[in-house]
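Dock chain B against chain A, hints included.
There are 2 protein chains.
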Amino acid sequence: MRKPKIVLLGAGYAGMMTTKRLMQQLSIEEAEIILVNKHNYHYQTTWLHEVAAGTIDQNQSRIMISDVIDPLRVTLVEETVEKINPDQKKVTLQNGELDYDYLVVGLGFEKATFGIPGMAEHALSIQSFDKSRYIREHIEYQFSRYRNGEKDKEGLLTFVVGGSGFTGIEFVGELAEKLPQLCKEYDVDLSEVRIVNIEAAPTILPGFDEALVTYARRSLEDRGVEFKIGTMIKECTKDSVIVGDDNEEIKAETIVWTGGVQANAVLGESGFELTKGKVNVDGTLRAPGYEDVFILGDCAWVMNQETGRPYPPTAQIAIQEADICAENIKALMKDEPLKEFVFDNKGTVASLGGRHAMGTIFDGKKLYGLSAKMMKHVIDDRYLFMLGGPRLVLKKGKFRPF
Amino acid sequence: MRKPKIVLLGAGYAGMMTTKRLMQQLSIEEAEIILVNKHNYHYQTTWLHEVAAGTIDQNQSRIMISDVIDPLRVTLVEETVEKINPDQKKVTLQNGELDYDYLVVGLGFEKATFGIPGMAEHALSIQSFDKSRYIREHIEYQFSRYRNGEKDKEGLLTFVVGGSGFTGIEFVGELAEKLPQLCKEYDVDLSEVRIVNIEAAPTILPGFDEALVTYARRSLEDRGVEFKIGTMIKECTKDSVIVGDDNEEIKAETIVWTGGVQANAVLGESGFELTKGKVNVDGTLRAPGYEDVFILGDCAWVMNQETGRPYPPTAQIAIQEADICAENIKALMKDEPLKEFVFDNKGTVASLGGRHAMGTIFDGKKLYGLSAKMMKHVIDDRYLFMLGGPRLVLKKGKFRPF
Chain A
7 MRKPKIVLLG AGYAGMMTTK RLMQQLSIEE AEIILVNKHN YHYQTTWLHE
57 VAAGTIDQNQ SRIMISDVID PLRVTLVEET VEKINPDQKK VTLQNGELDY
107 DYLVVGLGFE KATFGIPGMA EHALSIQSFD KSRYIREHIE YQFSRYRNGE
157 KDKEGLLTFV VGGSGFTGIE FVGELAEKLP QLCKEYDVDL SEVRIVNIEA
207 APTILPGFDE ALVTYARRSL EDRGVEFKIG TMIKECTKDS VIVGDDNEEI
257 KAETIVWTGG VQANAVLGES GFELTKGKVN VDGTLRAPGY EDVFILGDCA
307 WVMNQETGRP YPPTAQIAIQ EADICAENIK ALMKDEPLKE FVFDNKGTVA
357 SLGGRHAMGT IFDGKKLYGL SAKMMKHVID DRYLFMLGGP RLVLKKGKFR
407 PF
Chain B
7 MRKPKIVLLG AGYAGMMTTK RLMQQLSIEE AEIILVNKHN YHYQTTWLHE
57 VAAGTIDQNQ SRIMISDVID PLRVTLVEET VEKINPDQKK VTLQNGELDY
107 DYLVVGLGFE KATFGIPGMA EHALSIQSFD KSRYIREHIE YQFSRYRNGE
157 KDKEGLLTFV VGGSGFTGIE FVGELAEKLP QLCKEYDVDL SEVRIVNIEA
207 APTILPGFDE ALVTYARRSL EDRGVEFKIG TMIKECTKDS VIVGDDNEEI
257 KAETIVWTGG VQANAVLGES GFELTKGKVN VDGTLRAPGY EDVFILGDCA
307 WVMNQETGRP YPPTAQIAIQ EADICAENIK ALMKDEPLKE FVFDNKGTVA
357 SLGGRHAMGT IFDGKKLYGL SAKMMKHVID DRYLFMLGGP RLVLKKGKFR
407 PF
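Listed in order, the protein sequences are those of chains A and B. Here the first sequence stands for residues 7 to 408, numbered as in our numbering. Here the second sequence stands for residues 7 to 408, numbered as in our numbering.
Everything labelled a hint here was simulated from the structure, so no lab data went into it. A couple of the hints might just be wrong.
Remember, identical chains collapse to one label, so a pair may be satisfied in a single copy or spanning two.
Below, simulated DSS-like cross-link-like pairs (lysine-lysine); rule was C-alpha separation at most 30 Å, straight line [to be verified]: (1) K157 - K44; (2) K157 - K89; (3) K190 - K44; (4) K117 - K159; (5) K257 - K240.
Same shape as in the complex, but just chain A (with noise of 0.2 Å):
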């Protein structure tokens, strides 16, 4: 009898986990494990606002696939997702086809610019390693080319960022950590930089409690951030945004749109039934219509049945999706019950830069400041803990013992 085929696109939190508890639950007789991904490595979304911003080292945020995840057990191919078949159970990589017996899709989001005009070709965005590097350098760059004698440009030390849900605040927190530090080493005076954030909502951090988002603000306010509230970013250009009902122009040369994000164009391409671009799984996380496709992360809608409405595509929630669709990939394996996804949330918390931090944990309960960011530290390192255990956690992880 032939082994099962389980193929797993994309090496996010979702894939990786899903990856690492198929390898822990199944035999090596049971069923063959093929990782699909762009590269050799994973890296941790969550921690990617701070390699723009150049707060961390940047290798910390990546882990070679290969460190957690055991080669003779699992096949890595290092390839491009085209298509994917359901129908015929096979998938499109840019240089081959794979078919499979059990899928599960993890390709996660995309920038999603809402036809802005100019935010596409002009914006960066913290989306993958490659892409967030390339902000950190091009930030430093900017203060080279400052000193280089282009001083007199408008907008070379500007930094935009768009969007004040939770990845531009936390992208804006680690700015006004790490542009001073560039002052020092640029020897420029920190009084000609300006960090502006921009945000069409009447909020920033829409969904967190009144009393945290105070505290985000105000601490950022500290650091000199400035904010547009209830403010559209109407155009991008080259070198500017245009912004609000007087349409200000701004001149900046670093735009970081956080503005939106989407589910991978994947999905709609391969035919998936898509609501507000992902697809609205079931609750074992299936594709519906589909038995054997699993989709996880931010690809997957998945319903709250206790507010009617999505979850949200954090971290958390794809860490926790993988134990059940693991868990359900087994149990159709051996024609058993499958279960239903419930979230457990074990709160959130926000990181403002430096010391900076805030959110809840578990009951609700808020946390500020120090003991907000050592809760980020230990969520962080509790990740790393549950991916690869403690040799992990000492490798990669924000408390290290050495």
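Relative to the frame of chain A, chain B by itself:
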């Protein structure tokens, strides 16, 4: 009786060492000493190729002037010199004016592009601390652009160095060390990267012993450097150079010109008589016709009486000139006879990146490889010792016990 006022223009090797010697040899009652410099720091011009390649920490190459020059003894004026009026004994600064009794001009060099079209606009140069760290940033930026999806652009990772003189070859050597590191950091295959060194003269390192030249070239070629010797650069564009009799176009987004330097333009604009852009000083290092104006370093045309040719513009010569200049100013003040400058050649060592180097010492003995590299460090540290004693060697030296 009014104290004589000694004004020194430029805190390069010549200006710094003269200031240091004057401070040591004259008491606070004997003279007022004023040092004029664009920045509050001195930098090691002979280390700038390392700053530009990113092979040393940029700050190791610069020294705060206040760390080695006592601010109670010497007044530092952070200003840009616009013109010298030797007949009125005045110096015009960007924002002011200074008069002097004795003047020391050590304003260094500028890029000379010999009218090659596009060179002044598009080529970078290893000319100052700021321009050198801009090159460092620019190089890293190219790698991040490549990883950010621009990889199909030709010339993105081609690094052209114009000129195979001392600086050009030393810089090429550093690139040969640094670029493989950047490839590793940015997940780029080394075969994507080109280093091309272009020289119009029939050989690299003119003036060096043939065996040393052969060694240097082989060492660099072994590490992947391409040489185009006896090849003129005809034109330089935003993203290419046109070279040779057949007008070959080499696509390159990084062009660093080391092929020519000339003395600071202030000299000509101040009415000094020039020989190839420099002031042909007498044996006591004074400008013809002005008893109280000393011209040192790259601004001075100093004849080697033995060979009948001028000395090359090196740090070693500038530092030795400083000693004579300080003594001669003291002699002038005391109405004593002045000394003639005699160059004591201690040899020359060229670094070729990493553990590679070659050169001659003292009696013309040739050194290769690691022993040459060690000697290079000794030379570098010796200057630091003269300038700031053992404390400065520990702080900024190349050999550091801790």
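Hints versus structure:
1. For a Cα distance limit of 30 Å, the shortest separation of K157 from K44 across copies, 15 Å, qualifies, whereas the shortest one inside one copy, 39 Å, does not.
2. With identical chains, the CA atoms of K157 and K89 are at most 30 Å apart between copies only, with a shortest distance of 24 Å across copies and 47 Å within one.
3. Taking CA atoms no more than 30 Å apart as the test, K190 paired with K44 passes between copies only; the shortest distance there is 17 Å, against 38 Å inside one copy.
4. Within a single copy, K117 and K159 get their C-alpha atoms as close as 29 Å, and across copies as close as 23 Å, so both meet the 30 Å cut-off.
5. Taking the shortest Cα distances, K257 and K240 sit within 30 Å of each other inside one copy (14 Å), while across copies they are farther apart (37 Å).
The structure fails none of the hints (numbered hints given earlier).
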